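These are the residues of each chain, in order.
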Amino acid sequence: MKKLTLAAAVAVALTAQVEASSHREAPFIGKYPQVDATDFYLFMSYEPGRSGYVTMIANYIPLQAAYGGPNYFPLDSNALYEIHIDSNGDAVEDRTFQFRFSDNLPPDGVIPLTIGDKSVTSVLRNIGPVSADASPGLNHSESFTLTLVDGPRRGGNAQSLTSTRDGSASFGKPFDYAGTKTFGGPGNYEGYARSFIHPVTIPGCEQPARVFVGQRYEAFKLALGEVFDLVNFVPVEGDSSPGAGDGNGFPGGITQDPARNALARNNVTSLALEVHRDCLAGDDGIVAAWTTASLPQATILNPAATFDTPEVGGGAWTQVSRLSTPLVNELVIGYDMKDRFNGSEPVNDGQFADFVTNPVLPAIIDTLFRDAVNSTLGASLATLAPTNLPRTDLVAAFLTGFAGVNQFEGGATAEMLRLNTTVAPTPRAEQQPLGVAAGDLAGFPNGRRPGDDTVDIALRVVMGALCHDLPLGDGGSGVNLGFCSPEDAAIGNVALTDGAPLSAADLDNRFPYLLTPYPGSPANAPLPTPTF
Amino acid sequence: MKIVYLVLLGSLMITGCSDGSDNRDVGMPQPPPVDPGPVDPPPSMQSFSTFVRGVFSDPADAQPRAINGVEFVQDADDDDFADLLR
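Protein chains in written order, with the numbering used here: chain B, 1 to 532; chain S, 1 to 86.
Only chain B is shown next, with the shape it has when bound in the complex (with noise of 0.2 Å):
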């Protein structure tokens, strides 16, 4: 246990030097949201009754706001989305679920309505109630398959999942959350949107699986503005204790306060699958995954477009996207790159190593805050960034996971999110949003959970956390992991925080986790809370 637990605490200062999440993270998928992923998480369900299955998440469309009709925020039936598998750790897929979207019209088209002599189509997306029922004003809905590909994405054998229920192998998404007035009434949207989660058939996998797509409400916390307007705070916690509002802490420190979140508001699409662990980790236990988007290479733009045929697209499947550990292209890859980061696969991954040896992030921050700090201290500290470069800690647990903990023997090198699937769940009441970190083996790096406060976990082990003692040893005791020591990080053991909290608490305790979308109707809204 005591090697498990050291192991893992690595994992989360290589993590850390990587914050969370990927919102419009690179110039080029700035330019195409409905193909950015946002977050990818990757955990064994905590859902009570659903031991052994592992739940994905991967997050797309970054920062929608709810009132966004009357289109809103369809997924791209040009594209292709897919979750990637490793299940021996050589960073190469060798399972994909691979989703494809469509966009419908009622069978008879439009809704026309009569105006005068004349029958005229309707001018909405949405022109009355919506259940799970019925919706007979809904011009437009969507649909997806969902196929697996055994071997290489491309080219491997491809099977169709199919529902449980029917057969069918194709599955209905619900509409976006308009407004309650569309839906008819506050609380009656989660109903609906739990009308499609469909329970699917794995090609080869004795247990069933269950699949939802669909809009959710942003799970990630972030001061987000803040953080990118040069850090436009102090951050460290405040206070003695997080949330004491006792201001006790470092001087002029933040306090822990839900209004920090910037994405608050928000929603995201998620594409959630549950699958047993039986179907998807190796002999280790160990499941590796990744989230990818992909375009036709070229598209042609229809100058008398329809509403089936906008644009076409030809040619190979390009990547566009690609996300597992959050917010590596984010704050880890050089800005020059962050496109071909995401038109990357893991096996390549060796061309992107210099940014995890010597990382930029501590000097920027060493830049904003070392007069401040020393000011403030009264100290004479020559650098807030970490010494040990090469950073060897960070390169280990960022590319190759932890031993006895997520680490594939003889894996490659390569970022990906990893998960030790024989780790049984923590209990939603009983998680650790800083994860392993906090003696919470099933938290992040071991995978990630929604209700993991990466971005807190980030910032302190990218300042050099992992070069201090940790309580990792018998009876809570300090342990130096060996990477570096104390005087190679002169702030490594600083309560270092965005002040924007995140746990558990925050999230459903049931599948896909996420919460209730929040609505684009009425204005100022309460905030969504867990409904199970």
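Be aware that one or more of the hints could be misleading.
[To be verified] Restraint-style ranges between C-beta atoms, simulated for each label pair:
| no. | chain 1 | residue 1 | chain 2 | residue 2 | range |
| --- | --- | --- | --- | --- | --- |
| 1 | B | A403 | S | D61 | 52 to 58 Å |
| 2 | S | Q74 | B | V123 | 51 to 57 Å |
| 3 | S | V73 | B | A403 | 50 to 56 Å |
[Claimed, not checked] Some but not every residue of chain S turned toward chain B, in silico, with C-beta under 7 Å:
| no. | residue |
| --- | --- |
| 4 | V52 |
| 5 | V55 |
| 6 | A60 |
| 7 | F81 |
| 8 | L84 |
| 9 | L85 |
[As the list claims (entries may be wrong)] Which stretches of chain B does chain S cover? Using the computed rule of at least three CB atoms under 8 Å from a CB of chain S, they are:
| no. | segment |
| --- | --- |
| 10 | 293–301 |
| 11 | 460–470 |
Worth flagging that the hints you see were computed from the coordinates, not collected in a lab.
Since this is a predicted model, take the numbers as computed values, not measurements.
All C-beta atoms, glycine included, are put in the ideal place defined by N, C-alpha and C.
Given the coordinates of chain B, work out where chain S should sit on it, guided by the hints.
Below, chain S alone, put in the same frame as chain B:
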């Protein structure tokens, strides 16, 4: 009237190729050598319309075509892709 269609090849740049270096620091442990991915072709002149038609003829499972170093030559008379709007 001849209709000229706008062709977008934005995603092509994503498949751009590396310089062949894996950029690893000799002082760091572990990471074994890895394949940095496809290598750029030498600079060449390409008819844009011919290239687009070639892309459209590729199967979806093919490797995307690299374009780094390729200089496209556009001829308006040839850039009519109405037949591809199938």
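We went through each hint and held it up to the structure:
no. : hint                       : result
1   : B:A403 x S:D61: 52 to 58 Å : violated (36 Å)
2   : S:Q74 x B:V123: 51 to 57 Å : violated (39 Å)
3   : S:V73 x B:A403: 50 to 56 Å : holds (55 Å)
4   : V52                        : holds (6 Å)
5   : V55                        : holds (4 Å)
6   : A60                        : holds (5 Å)
7   : F81                        : holds (5 Å)
8   : L84                        : holds (5 Å)
9   : L85                        : holds (5 Å)
10  : 293–301                    : holds (count 7)
11  : 460–470                    : violated (count 0)
Hint compliance for this structure: hints 1, 2 and 11 are not met, and every other hint is.
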